[in-house]
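Chains as they are written, first to last, in our numbering: chain A, 7 to 256; chain B, 7 to 287.
These aren't lab readings, by the way, just hints derived from the structure by calculation.
There could be a bad hint or two in this list.
[Said to hold, decoys possible] Think about it this way: if two alpha-carbon atoms lie no more than 16 angstroms apart in a straight line, the pair counts; the simulated EDC-like pairs of lysine to aspartate or glutamate are: (1) K164(B) to D119(A); (2) K185(A) to E206(A); (3) K164(B) to D72(A); (4) K138(A) to E182(A); (5) K177(B) to E88(A); (6) K36(A) to D173(A); (7) K60(A) to D72(A); (8) K71(A) to E11(A); (9) K75(A) to E92(A).
[What the hints assert, rightly or not] Take a look, some chain A residues computed to stay more than 12 angstroms from chain B by CB distance: (10) G45; (11) P94; (12) L142; (13) E177.
A quick note: this is a predicted structure, and the numbers were derived from the prediction, not measured.
Glycine included, C-beta positions come from ideal geometry on N, C-alpha and C.
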Amino acid sequence: MYAIELESATLRYDDVVALREVTFRSEAGKMIALIGPNGAGKTSILKMLAGLVKPTSGRVKVLGKDPSKTRGLVAYTPQREEVYWEYPLTVRDVVAMGNIRRRGVFRWLDSHDSRVDTALRLVMLEDLASRKISELSGGQQQRTFLARAICQGGEVYLLDEPIAGLDAPSETILLEILKTLRDQGKTIVMATHDISATLEIFDYVALIRNRLVAFGPPKEVLTSENLANTYGGSTIALHLDDLEKVAKWR
Amino acid sequence: MEVGMLELLAEPMGYEFMRVATATSIIVAVTCSILSSFVVLRGWALLGDAISHSVLPGIAIALALDIPYIVGALLAGVGSSALIGLVESRARIRNDTAIGVVMTGAFATGLILLSWMRPAVDVFHVLFGNPIGVSPNDMYISAAIGALVLLTVAVLLKEIVAYTFDPIFSKVIGIPTTLLHYVLMILLSLAIVSALNTVGIILVITLLVTPGATAQLISRNITQMIGASILIAVSSAIVGLYLSYYLSISSGGAIAGVATAIFFGVLVTKTLMRRLREKNR
């Protein structure tokens, strides 16, 4: 059984084709990076895996099931801009939301649950547990989201642009946590528009530009030709620096 | 002879209509302010305004069909929020544009219907409230609505907080978010209906936005915010009614005015305190 599986998945919004015939799959316990420019359909893939949208044609399966039947097993962290960070919640409050299914109806959340503490420790936010989320840095906000997903206890983690706008140290910390989760057998699917050398730690890379340009281990997939096909000739200049980095470890 | 403070406070309460008006205003203030926190945090101020305006044609139609106005108002309120969602997704226009179109359209329909049918209801009172005309019966309806809102929010608090903070996460983890959204729209419509007699449908948005906005300035967590919001709204209702009694001014206007004054008072105090702290550092 594959952890995630897309088979000729096509997604249309009215007359706009967001994704055409995307096919790739991964077994559990892997880290997969979805790479492509903004508007390439990365979020659409995550949303199909999360069961938020259905493919217009083709098939999407998560843990061998239809995504609408995997509630609770899939943890989704949206782009940071999607939520209102001035919401009066502490780090602990947000992480405790991961327990929401477990608590059932008619019971309030317990922010001092042991699962919350375990998750906070794993993302190294114990010291900031009582801090208001509006007072966090971007990297800390992202780790709060990740802790909520860990608290939820999902098997598949879908992360939309978690490293966008993070400084290098924050990015490294975040990716280290993801590696730990992978080593525990979790499947990580992360969307990013940045090509950087850190992508080396991923097991698979999917280059997306409204279709699947290439899929496979990073060393095979991240060729200058594939990248040019993903980002287009005009914007590739912006990524020359990254290309050099990529070339170094090829 | 000088009139004591206590007598000033006690005098209006000698009248039955003032007791009913005060009790109803307090109930309405609590009802609206509980929802106010979520209206503010989810960015629903304009949506709340739209629902309140859309209640007008609902009342007009209910009067024409001789059904309880509360039913018409509720259907119109929930219907308008659904219509806004539909217009937004079908016409692919921005949310605030969809709200603007639906809100003014519904309000115009209400005005046309009321002017055409000329019912025995004073449009001015529907628009701006008339707490001293509240009957004990209206008070019981408001109390029942208030109890329902309070109970629903208490039971669904964790789901409401999760949904208003992060709707995508909430949906993926399995909260029935569409259902929850419409439950909240029904609660909002009910709160607006309960406020019809006291502040009216134009000023009810003050009670749905301002207490929450003020509370957000001073709260660290959501329960604190809801508590502060209730406290601010109830104080506004009481102070507003006394002002309206002694100054002979519109009571809806006075309640909304006090709530607004508290907001700016807190904002200015907070800004000054921050300046002072920075100076002393």
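Query raised in the report: What are the numbers of the hints that this structure violates, sorted from low to high?
Result: Numbers 3, 4, 6, 9 and 11 - these are the hints that the structure violates, sorted from lowest upward.
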